[in-house]
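K.L.:
Using the hints provided, position chains B and C relative to the given structure of chain A.
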Amino acid sequence: MSALQTFGIVIFGVGAVVSGWLVFRTDSMVRAAYWLMASFVAVGAILVTLDSQFLGLILILMMAGEMTIMAIFMVMFMMNPAGLNPMVMVHQHRTAIAAGVGSFLLLATVALVADFPADPVPLGADPTAELGFELLGRSMLVFESAGVALLAVMIGAVAVAGKWGRFGDADAGSVEPELEPEEGGS
Amino acid sequence: MNPVQAVLFIGVVLGLGAYLVAVLDRVFAGAPGGLRSGLMWPIRRTAFLLVQRRSETERPDAEAWALAPALLAALAAVGLTAVPFTPSLAVADVSAGIVLFGAAMIIVMVAVFLQGWSPNSIFPLIAAYRFAAMALSFGIPFSLVVLTTAIPAESLSVGAVVASQEGLWNVVRQPLGLPVYLVTGAAVAFWGPFRIPEGTDLAGGTALEASGPTLAVWRIARAGVLVTLSVMGAAIFLGGHLGPVLPGWAWTSVKSVALLTLFVWSGHAFARMRVERFVWFGWVILLPIALVDVFASGIVAL
Amino acid sequence: MGLRALLGRLAAGAEVPVFPVVGGGARSQIQDLRLRSELMLVDSPRHAAVMIVAGSFPPGEVEGLLQVHDQLARPRRTIRWGAEPVPGLDDALVVSGDENRVVAAAVDAFVDLMTGSGPGEPPLLPDVDPVEWRGVGPYGQGGMGMTGGTPYGRPMAERGPARDGLELDQVPITIGPWLPSLPPGLRLHVVLQGDVIQALEVGPAPLRLLDRVDPFRQALVEPVPIAELELARARHHLRWIAEVLRIVDLAGLSRRALVLSHRARPEAGAEVRRLEAAIARSGLFVMALRGVGRISDLPVGWVARAAGSAVDARSEDPGYRSLGFRPVTTEGADAAARVRQRLAETVQSLELAASAGEARAGGHGVMEDPRGRLEVGSPPPAATLLEALPDVLVGQEWGDAVSIVHSLDIDVEAALREVPA
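Residue numbers (our numbering), protein chains in the order written: chain A, 1 to 186; chain B, 1 to 302; chain C, 1 to 421.
Chain A on its own, in the form it takes in the complex (with noise of 0.2 Å):
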């Protein structure tokens, strides 16, 4: 590894640990799902410093798109007109702290214990085409039965969120459902 990738991994992974920490600090849920965003692509600048572009690419193309559905969603479910109003980011303090201290002595454990493999990747390989053949060879059976499952979820959720909705065409105007349930259900 040389001094430039060591330095780019420190520079990056200190970025990545403090916009983690300002996802908390923040008062705004969309500052929090940004700063989320950012600790993300920091993880995946890491990934494109380690060589390994796709993936470090991949990783920050899809959280852009996955942390603006994140802030729309947490947006319309909290009591806060669009969510305008400053909020408090972090509720059930001691849970919080506990699960927070537990997985950091978890996690700093298995790093400092664990054996890991010493393989290094023999210079000019491809990591984009290596990942395909994992991902079409040994893995198939797990990536693929994810994948299957992701895609039901998808098809499901359109469905649900199809224009046929429970209280008639999405179209046909905002009309309140009556309150008495209709003879047989629907």
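These aren't lab readings, by the way, just hints derived from the structure by calculation. Heads up, a few of these hints could be off.
Pairwise CB distance ranges (calculated) [stated by the list, open to error]:
{"hint": "1", "chain 1": "C", "residue 1": "Arg326", "chain 2": "B", "residue 2": "Val300", "range": "55 to 61 Å"}
{"hint": "2", "chain 1": "A", "residue 1": "His91", "chain 2": "B", "residue 2": "Leu291", "range": "41 to 47 Å"}
{"hint": "3", "chain 1": "B", "residue 1": "Glu58", "chain 2": "A", "residue 2": "Gly132", "range": "49 to 55 Å"}
{"hint": "4", "chain 1": "C", "residue 1": "Ala270", "chain 2": "B", "residue 2": "Trp280", "range": "34 to 40 Å"}
{"hint": "5", "chain 1": "B", "residue 1": "Leu39", "chain 2": "A", "residue 2": "Gly132", "range": "47 to 53 Å"}
{"hint": "6", "chain 1": "C", "residue 1": "Pro122", "chain 2": "B", "residue 2": "Ala62", "range": "20 to 26 Å"}
{"hint": "7", "chain 1": "B", "residue 1": "Ala62", "chain 2": "C", "residue 2": "Gly203", "range": "28 to 34 Å"}
{"hint": "8", "chain 1": "A", "residue 1": "Gly132", "chain 2": "B", "residue 2": "Ile289", "range": "23 to 29 Å"}
{"hint": "9", "chain 1": "B", "residue 1": "Leu291", "chain 2": "C", "residue 2": "Pro379", "range": "52 to 58 Å"}
Idealized CB from N, CA, C, for every residue including glycine.
P.N.:
Quick look at chains B and C alone, frame taken from chain A:
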């Protein structure tokens, strides 16, 4: 290319491109006045915005508001770095250049959302949510057609994609690719019929509360995104710097300007689409076409 | 020469960014300013350097005007176009006279702003929060807990049932009366959920009526040449189409329609047909208006005819009958059908004007004005349309609501003008 040269080079390309966007925009708008006033217009307009002062709103998210235009400009620059302008001149022809470009264009969503969210004002906020709905609808077809160009090249590097088009351009090899790219590309830059988050019905939408230098940077950055999309489109669909007689940089420029002209023209040729219609269009029309493009290219490659 | 001076000299040659405030009687004057190459009419006060206040205002409507004024980015200048002063806008540059005068004044004021160094007019209202900040708690969120309390002293969002069965926040807000994407003077008190209108009320119009000569009202009492009536109708329709095109960001076609309205002569039918073809090519009908605002039960003029029913007061008039007048109709009943209908009626009006010769119509207390049936003793059709607005707009998304308002040719001023008995 050393870092200083690279920054200067990208800055000059984006600056010239944004200037060209403004001039072409005025030409297609059919604005009166001779050539001289047309060429001076972008300069005068920018000078005005630099003289005008920034406006303030009640309790904005000031940092995010300042960040959004800069982020948009940075994304346009990042997307441009992966393109080889001549066989030997690219700022960073990285091995996953196409993914780098795709990631930069998807993060445009974040910049637009922040721009609409930050001023604490209702119409920009609606505009931000509109763009999020749009981005989720064009994001997948856009990424698919861009990534499909890597199939014949068997590489994600833009340089390799250009090289693979020696003899047959991707616009012929993947006939569905370029049309979907142009439509979704205009949507990425919320330009033309997809000016949905900046529509007149929202009195300017995401840009409504911006004025002065902020507005100048926002407008230039948006034109820059259009430039990046044109240059990349020329590289991955029209063979980039490949071509007879003329040197490579000339072919890159000619093809990029052609796509840029098409983008700018669409802004005056079409009515602004309804956001609901766009979402339908993205999922029901564009996504299946993009999938057919992927499968067909895969079969041809096998 | 300093940088500021250099930028200022460059900027002084730019188009003047103008925010228009349209009072009573000034709608078409301001619309015509869009044809001037010296000016650029902008949609947001933040983008403007000059505010042009035209027309007349009732006393007590200045508060909103001053708010708009203070939203202009600095440096800024206000021009009052019209003789009578507006209270509160005492420092405004007063210009009376025709369009050329006001354009020249705007250009001069802009050059002064750019080449001078001052910030222009100071704010007219005190710069304070509308409600005092009362945030407490670690993040100023107004109380303990995640979202507890009322940080602005304002109540938290009300919640109401949404159409998919959830309870969601709703935002009450007043939109207008000088928002350029709505007709001038239209003030909407709306309750938004996201961008869906849950409830809507039309507020009082901040316009003062001016007496105006109008051939259609004249035709209620005495016969008027049909050619004059039909040319006025065609001009009205083309002006309206220009507005619809502007709202969907077709500025070039909008200017073309506006120019055509100035040149509406009996033989201009072919030009209108070419405009219609250009509009169809732009995708206006397919991408922006199809299926928007279906209205089939509003018996007003072209709205009814766009839903296929051939009601037209001109059918009853002997003058029109002698010309073989038959109402044209369109199917569809949506905003796209209403635009198509009016384009067809524009062509029909020009043809009628060409064939009318000296023929006259009217004098029976009934006449079809550009919007619908104008009858002595009944409210004008513009008032019927304005009254129908809340029913039509509730449940619509904001973008569609704006399209519908324009497709119905809402005119607050015309709605106020009663028909004398």
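K.L.:
Which of the listed hints are broken here?
P.N.:
Result: no hint breaks.
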